[in-house]
Amino acid sequence: MADTAGGTRDNARSMSLIVTKGTLDWAYPPFILATTAAAMGLEVTMFFTFYGLGLLRKKLDLEITPLGNPAMKMPMAGMHLALPNLLSVLPGVGSGATAMMKSLIKRKGVASIEELRDLAVEAEVKMIACQMTMDLFEYKLEDLIEGPVLGGAATYIEAAVRSDINLYI
Amino acid sequence: MADRLLDAKGLNCPLPILRTRKALQGMPTGATLEVQATDPGAVQDFAAFCRTTGNELLESKSADGVYTFLIRRAA
Chain A
1 MADTAGGTRD NARSMSLIVT KGTLDWAYPP FILATTAAAM GLEVTMFFTF YGLGLLRKKL
61 DLEITPLGNP AMKMPMAGMH LALPNLLSVL PGVGSGATAM MKSLIKRKGV ASIEELRDLA
121 VEAEVKMIAC QMTMDLFEYK LEDLIEGPVL GGAATYIEAA VRSDINLYI
Chain B
1 MADRLLDAKG LNCPLPILRT RKALQGMPTG ATLEVQATDP GAVQDFAAFC RTTGNELLES
61 KSADGVYTFL IRRAA
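Here the protein sequences line up with chains A and B, keeping their order.
Each residue of the first sequence is one higher than the one before, counting from 1 in my numbering.
Each residue of the second sequence is one higher than the one before, counting from 1 in my numbering.
Careful, some of the hints might be misleading.
The following residues of chain B were derived to be distant from chain A, with all beta-carbon distances above 12 angstroms [stated by the list, open to error]:
(1) Asp3
(2) Val43
(3) Glu59
(4) Lys61
Here are the simulated DSSO-like cross-link-like pairs (lysine-lysine), alpha carbons at most 30 angstroms apart as the crow flies [said to hold, decoys possible]:
(5) B:Lys22 / A:Lys108
(6) A:Lys106 / B:Lys9
(7) B:Lys22 / A:Lys59
Keep in mind that the hints were calculated from the coordinates and are not lab data.
Idealized CB from N, CA, C, for every residue including glycine.
Isolated chain A, as found in the complex (with noise of 0.2 angstroms):
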């Protein structure tokens, strides 16, 4: 049994999330979730799929983009602006978005995704790597992390019927 540092895994409680979103922002809450479940003495199980599954793969180039987003309002210069979709879509906009973010994330003492995806294997959660959607972009096994399983619909559903918390993200 894991040393739980005072979580009880004998009658753990559980969680599972299906992880379905593949862009630099979205791929913070399924992985600060999973860490923080499973710190907090819960079994996490993960399903990555369709763009989520980009997330395992031994690298990462993850971007964002302003393009369809009114909501991203990034500060700037004492401000919070937000880029009309008619400027997202000029060449650079999305990269020169992506490197505010990340320098963003630096500055205000955020993990990156890969530190939380390592913190996420270190902390045994289970990752399971949807099997049709490997198909359907031709990733192969070797393109992803050690870790994570191959399966489908059939395994998360075992897992999430018995979870204590699902979420689709």
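Position chain B against the provided structure of chain A, taking the given hints into account.
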């Protein structure tokens, strides 16, 4: 005086909690850990973490923008 000190100042959610859990794992039952953080959300988070894991929050205080938590490791 706590048995161990963890400096989580400047770190944002969820790192103070994750570092705390890691520190507690390496400590014997009954040992005390003092955590210093600057993330204001930590006040609620450390209380919730301790209630859920059974570790005892002996003290929670703040001074000059630094939040200090004293935790006793449960069995």
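| B:Glu59 clear of chain A by more than 12 angstroms, beta carbon to beta carbon? | Non-interface label on B:Glu59 holds, nearest chain A Cβ at 17 angstroms vs cutoff 12 angstroms.
Distance rule for B:Lys61, whose beta carbon must clear each one in chain A by more than 12 angstroms:
With a cut-off of 12 angstroms, B:Lys61 remains clear of chain A, as the shortest Cβ separation is near 21 angstroms.
So is B:Asp3 really clear of chain A, every C-beta pair being over 12 angstroms apart? Fine: 14 angstroms to the nearest Cβ keeps B:Asp3 off the interface.
*asked:* Holds or violated: A:Lys106 and B:Lys9, Cα atoms, limit 30 angstroms.
replied: Given that 30 angstroms is the threshold and the Cα spacing comes to 14 angstroms, the pair holds.
query = When you check the alpha-carbon spacing of B:Lys22 and A:Lys59, does it fall within 30 angstroms?
reply = holds (26 angstroms)
With the threshold set at 30 angstroms, check whether the alpha-carbon distance from B:Lys22 to A:Lys108 stays at or below it.
Distance ~22 angstroms between B:Lys22 and A:Lys108 Cα, so the pair holds.
_Consistency of the no-contact label for B:Val43, given chain A and a CB cut of 12 angstroms_ = holds (16 angstroms)
This entry satisfies every hint, going by the numbered hints stated previously.
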